[in-house]
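Protein chains: 4
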Amino acid sequence: MSSWGNCIRLSIFGESHGNGIGAVIDGLPAGEMIDTEALLLQMGRRAPGKDKAATPRLEKDLPEILSGMLGDRTTGAPLCAIIRNTNTRSQDYGEMMTRPRPAHADYAGYIRYNGFNDIRGGGHFSARLTAPIVFAGAVCRQILERRGIMVAAHIASVGDIRDERFNGTDISPELMKRLSTSTFGLIDQTREQQMRALIEECRLSGDSIGGTIECAVTGLSAGIGSPMFYGIENVISSLIFGIPAVKGIEFGSGFDGSALRGSENNDEFYYDGDTVKTRTNNHGGILGGISSGMPVIFRTAMKPTPSIAREQKTVDIKEKKDALLSIKGRHDPCIVVRAVPVIESAAAIAITELLKEAGKL
Amino acid sequence: MSSWGNCIRLSIFGESHGNGIGAVIDGLPAGEMIDTEALLLQMGRRAPGKDKAATPRLEKDLPEILSGMLGDRTTGAPLCAIIRNTNTRSQDYGEMMTRPRPAHADYAGYIRYNGFNDIRGGGHFSARLTAPIVFAGAVCRQILERRGIMVAAHIASVGDIRDERFNGTDISPELMKRLSTSTFGLIDQTREQQMRALIEECRLSGDSIGGTIECAVTGLSAGIGSPMFYGIENVISSLIFGIPAVKGIEFGSGFDGSALRGSENNDEFYYDGDTVKTRTNNHGGILGGISSGMPVIFRTAMKPTPSIAREQKTVDIKEKKDALLSIKGRHDPCIVVRAVPVIESAAAIAITELLKEAGKL
Amino acid sequence: MSSWGNCIRLSIFGESHGNGIGAVIDGLPAGEMIDTEALLLQMGRRAPGKDKAATPRLEKDLPEILSGMLGDRTTGAPLCAIIRNTNTRSQDYGEMMTRPRPAHADYAGYIRYNGFNDIRGGGHFSARLTAPIVFAGAVCRQILERRGIMVAAHIASVGDIRDERFNGTDISPELMKRLSTSTFGLIDQTREQQMRALIEECRLSGDSIGGTIECAVTGLSAGIGSPMFYGIENVISSLIFGIPAVKGIEFGSGFDGSALRGSENNDEFYYDGDTVKTRTNNHGGILGGISSGMPVIFRTAMKPTPSIAREQKTVDIKEKKDALLSIKGRHDPCIVVRAVPVIESAAAIAITELLKEAGKL
Amino acid sequence: MSSWGNCIRLSIFGESHGNGIGAVIDGLPAGEMIDTEALLLQMGRRAPGKDKAATPRLEKDLPEILSGMLGDRTTGAPLCAIIRNTNTRSQDYGEMMTRPRPAHADYAGYIRYNGFNDIRGGGHFSARLTAPIVFAGAVCRQILERRGIMVAAHIASVGDIRDERFNGTDISPELMKRLSTSTFGLIDQTREQQMRALIEECRLSGDSIGGTIECAVTGLSAGIGSPMFYGIENVISSLIFGIPAVKGIEFGSGFDGSALRGSENNDEFYYDGDTVKTRTNNHGGILGGISSGMPVIFRTAMKPTPSIAREQKTVDIKEKKDALLSIKGRHDPCIVVRAVPVIESAAAIAITELLKEAGKL
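Chains as they are written, first to last, in this note's numbering: chain A, 4 to 364; chain B, 4 to 364; chain C, 4 to 364; chain D, 4 to 364.
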C-alpha cells in the first residue's frame, strides 16, 4: 500500500517512466497559507542534477497543484499535486526485464506482481517517488513552522566519514534554518570536502557508498503522541521505511544507548524556569511514545545505492540460470545527499499527523 | 492508540495495577488449532520470576480466553484473552505521583493525559502490557508454523557483550526451535555466563544495562509485503516500537551496511536448484518492502531499564522545583532477557498481517 | 471485522455462549467522569427480561471494567469492559448445527468460517453482542452530554402502528431525556398499548414483527463531519449496520423526500438571533456530510425477529437436502423495543468519533 | 475525509472549478486487463449533456491515467486518473459566496472550513466529484466481471412514478447487461416516457424532483463479508453516502420489510441441485453482513436536486440577515438519471474491497 495515515491521509502514486507521479494529502486544515517559493526550494533540494554528488539527470520536477488550494491557501479538501515524467530513457532498462538487479526490488516485485509491474526505471519502487513525499512534506513543514515547529536533518555520515551529531539539548533555530535549506547539509561544514571526495572516488570506481542521516524536530511541546502503536517512534518509522534504501532507524541514543547502563542513559529532569527539561537527551525527545518537550532526534541508515556500474552476478529469471548484469543509466553514487530533505519531509508529515490526532491542528 | 493493524486488528488494553490486561485479535482465520501448552510456554518465557536475571516478582499471568475459540480451534470471531492483575504493591509507587522517573513515560504521560492516567506501576505504559502481545504472538506463531514459517530471536548483546549474529543465508530449523523456546536465548551459549555476570553486577550496583535483540523469520516465501508504507520494515517497526524500551531497529546489514560500498553490500542472486537465493543476506530478506525468500532478519536496540535503585535527580511537578527520587520496587536490571519473546511475538503478528493482506491466509 | 473507527477505536468481542463478551474503546479523552448508575441504566434498557414485550431470559449483564478507569474517571488508556455469559441453554441449539435458520446468519456464517464458527446462540452474530455496544455508547453519551449533546430514540413503528415523528426543528431536552431513559420509548405514549397488543399477538401466534426506530442528536454544533466518505451519514451507518436486524437507514426526509420536489424538500435558512437555522429539517441536520446545527435525525428499519416458533422450511447442510426446522428457545417477538438504546448507542459512538476528528474532544 | 477503504484504498480529490479532479486506487491486483472503451462507456453514462433529462453542460470528462497501468493492464501500483476541469463558468456562482443555497453544503462547508473552502460550483462537494468514483467503479467492475460478478442498477422511481423492482431470486445476465450500459435504465422501459415527462415538467417550472435507485450484484458467492462493522451493508453504505444527494439506503425488503411478520419476511432455504438458495430474497443477499449467494439488492433514496431556478429564502452570512437567492447556472432537474452509474460504481468498489479482504482477489 502506498497510502498512509489516520488523521492525515497521504496517497502516493506514480511510476518512474509512466505519465506522472504525485501525491494526495487529505485532512489538512483549511486556510493554511502555502508559499510556493518555499515549496519549490524543498523540491529543488531533492531534485537530481543540482549537485555533482548526485545523478546528472536533469528533471524539472515542477509540481502542478490540481486541487485543495485556492490562491495561496489550502481549502481543506484533498490537496493533489502531480509531476510529469520527462527525460526518461527507458531503453537503459531493457536487461532488467529478466535479470533482477542485486539489492533492488526487481526480483521481489516481479514475484509480488506476477511480472506485471512496470519495471522501467524501478517503476513504483523508484527513488523518484520520493519527490511527492518531499512535496507533501514541504506543505506540512509550512503548517508546522507557523506553530513554532522546525524540522531539519543533516548528513550524519557518508561511509566512515562522520559529521557531528546534534546537541540534543541545544539546537539553535539558525542551525535548523540552515540545514533545512541546504543541499549538502552538515553541522560541521568542514567535513563536506572529505565526503565529496569519497563519493567521487566511489563514482569513478563504478561503485556507490551508504550513509546515515540525522533529523531533529524542535519546538514540539510535551504530550504529543500515544503509547504502544501510535507513539512518535511508530508513526515516524512507518513513514521512514517507505523511503527507498532506508534499512534502519534509531531514536535518541539508539543502538549506542543499548550498550549503556541506566545510570548513564537516563536523562535527569530539571526546571528551566517554568519548563521541565532534561539535562541530556538520550531519550530523543520521546518517552513512552510521547513527546517530552525536548527535541525529537532520530537517525536513519541508508544503504549504498544498489545500482553500480560494475558488472554483478545475478540470475536470469526467464532462462532460469545464473547470469551477469551490467547496469547502464545514470545513478547517484550516494543517495544520502538527496535523501536529506526526504527524511525531513517524512518527519514533517508524521508530526502533522500526530498534532492533528492530538487536536492541536 | 493501542490498536493496530489493517487485516489483523490487534487491540491491547490494561494498566499495570488495574483489574486486568488483555488483547483482542480480530481477523484470524477460522479453524486454526491453538495448542494451549505452546501458548503457555511462550507466556512463561516473558513472565517475571522465572530467571534470576529478571525481576523476582511472581506473576501467574495465566490468560483466560473469553471468545474466539471453541475447544482448541479459532472460530474466526475476535479472540479475546484477559490476564488478571495480582501481586501488585501499589504503595511502592507513591512518590512517582509527583516526581517523574527519569527515562520513564511518567512526565510525558502526565502532560498527555492531564494527570488523569493511572500511573501505578507505569499504568498503560508498563512493560506488563507486553504479556498480551506475547499472547497474541503465540497465537499467530502457531498459525505461521503450520505454514512453514518460524520466528525466533536471541539476545544479540547485553552491554558490550555480544552473541554471534544469525548467518543470514543458513539458519537451521533446529536453531530456530531452540531459540524460540529458550528463556535466555543465545546462538553461542557460551556467552551466557558473561552476560549473566554483567547483569548481576548491574543489579548489585543498583544499576541496569541495555542490549540488543536479533530476530529472524524463516520460511517466508518471496513476494509478501508492498512498496512504500506497507513494506515488511514498516509493518514490523510499527509494532516493534510499541514495546517499551525499544529505541532502534535495523534490517539486514542496517547501520553497519550504511558504511559499506554497493559492491560490498549488494547481495548477488543465484539459482539453488529452482529457487532464487542470494549469496549473502545484507538485505535482511526484504527488497523494496517485499520478501525476497531469504530469512527476514532485524535487530532492535533496547535501552537500559530506566528504573534503577540509585537516587536520581528529577523534578517535583507539584512543588514545581528540582527534586531527588529513589525508586523502590523490584525491577529487571536487564529487560532484554524477557523482551526476546516479545520481539518474536511482534514479528509473528506482523507477518500474519502481511500474509493475510497477500491473500495467503 | 468487529473493530471500528478512526479516532475512537471500538473493538467488540464475544460469542453468545462463550465465556464472555465485551468491548475495548480506545482514544477516549482522559479525565472524563463516568457515572456508573447511568451506565447501568442504559445497560438495563437493553437487557432482556425487563419487559414483557421482550424475551423472558434473565441476564444480569453486569459489565466489569478491566481497564481505562481510575475511580470514576477515564485514564485515557483503552477502556475495556467484559460481561460474563451465564444462563445459557446450549442444548436448545442442537438442530441448528445442520439446519440453518431462515433469515439468520447461520448459513452465511457457516460458509464464511468453514463451519468453525461457534453457532451456539448465534455465536458472534448474536444480538447479545449489542450489550457491549450499549456499554460503549453509554460511556460516549456521558462525554457528549457534558458538551451539551443529547442522543435519544423512540419506536417509530411496530408493524404498521406508527408513533409520531420527531419535529425536526423543535425537540425539547425534556423529550430527549424521557426517551433516552425509557424502556418503551414513544413520543406519543398513547400508542404503547396498541403496539404491545400487536407484539403479544405475534408472540402468541409463534410469529414476530419488525419495526422502525427514529433517533435524534441535539446540541451538535454546525461544521462537524467531512465530505464524501467521512460524512455523518457514512460514519453513523457504518456502525448502525453492525446491529443485527437493521436493513435500512434514512436521514432527514429520506425515502419520503425522494418523492418530493426541490421546492418542497429544500430547507430554507433563516437567522434566529445570531444563529443560522432552517425552517424545516428535511436534511436531517446534515448537509454535504457535515452538521448544519439542526438536530441530526435518522430512522432505521429493523426486520422482524428471524427466530419464530412456527415450523419453517430450510435445508440440512449435512444431508444436503431440504428439511424442516422448529426453533426452540426463547426469543423476542419484536427486537425493536430493546434495540432502541442500541441505536442510540451507535449514534453516540459515531458522534464521539466525529467530534474527536474535528479536534473538539 | 475523501479517502476510503481497507484492502482497496480509494482517494478522491478535486474541486469543481479547480484545475482537475481524479482518483487514486491502491491495492488493485496486478495484471488485470482494463478495457478503455468499457471505461469510457461508464464515464459517458454519468457525463452531463448526454440526455435531455440532465444538465446541458458539455464536458468531455476524459480521464488521463497517470500511473498504475502499463499498456492495457494494471501494474499493481496505485492507479491514478485525472480529469481536467474545463467549461466552467465561475461567474455563475458569485452570490453563493455569502448566501448559502438551501439544501446544499454551502453553509455547513463554510463553517467546517472557516470560509476557506473553494465554493465555486460546489467545490469538493460538487456532484462532479462522482466522475472519479465512476472511473474507479468502472475499473473494479471489469475485475469483478472477469470473476462472474455483475453490478447493475435502474431508476426505481422518479417522484411517485415507479419502475418494477428486481425479482430478487431471478435476475438474468441479459437484464444486468442492458441496465449496466443504459443511460436511462429501467426494468420496465415503458415507464421512461412518464418519468421524462415529470422531469421536464419540473425543469420547466424551475423545480427539481427526487427519486430512488435500485442496484443488484449478481454472481457473488456465499461467504463474503464479515459480522458487525465489516458487513456488506456497512461497506456499501460507507461508500454510498459519499455520493451527493443520497439520504437513505435499504437492503432487501428494507423499510417495507420492517412492517412484516417473521413468517412473511423470512426467506426459506432450499437446494437447487447442489446449491443452497432461498425461495424469496427479502434478505437482499446478505445475512449477518455476509453474502448468502443470492443477489445482493439495495435501494438508495436521492433527494431532489437542491439547485432550483425559483427564488428561495436563505441568509446572508456576511450581512447576518435573512435574504433571497436566485440560483443561476445549469442544473439537472433530476439527479437520479445520472446517478445510476455512480451507485453501481460504489457497489463495484465495495464488492472489490470485500473480495480482497476475503482473499479472493
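I should point out that these hints are in silico values taken from the structure, not numbers from a laboratory. Where hints are given, some of them may not hold.
When chains are identical, the list treats them as one kind, so a pair holds in a single copy or across two.
[To be verified] Computed list of lysine to aspartate or glutamate pairs in EDC-like fashion (alpha-carbon distance at most 20 angstroms, straight line):
id	residue 1	residue 2
1	Lys363	Glu40
2	Lys280	Asp319
3	Lys331	Glu314
4	Lys180	Glu195
5	Lys316	Asp210
6	Lys363	Glu314
7	Lys331	Glu204
Owing to the predicted nature of the structure, the values given are computational and were not obtained by experimental measurement.
Hint-by-hint comparison with the structure:
1. Lys363 - Glu40: This pair counts as neither: shortest intra-copy Cα distance 26 angstroms, inter-copy 34 angstroms.
2. Lys280 - Asp319: between (58 angstroms within a copy, 12 angstroms between copies)
3. Lys331 - Glu314: For Lys331 and Glu314, the Cα distance is within 20 angstroms only inside one copy (10 angstroms; across copies 62 angstroms).
4. Lys180 - Glu195: Classified as within; 18 angstroms inside a copy, 49 angstroms across copies.
5. Lys316 - Asp210: The answer is within: 15 angstroms in one copy meets 20 angstroms, while 50 angstroms across copies does not.
6. Lys363 - Glu314: neither (53 angstroms within a copy, 37 angstroms between copies)
7. Lys331 - Glu204: This pair counts as within: shortest intra-copy Cα distance 19 angstroms, inter-copy 57 angstroms.
Violated hints for the displayed structure, listed by number in ascending order: 1 and 6.
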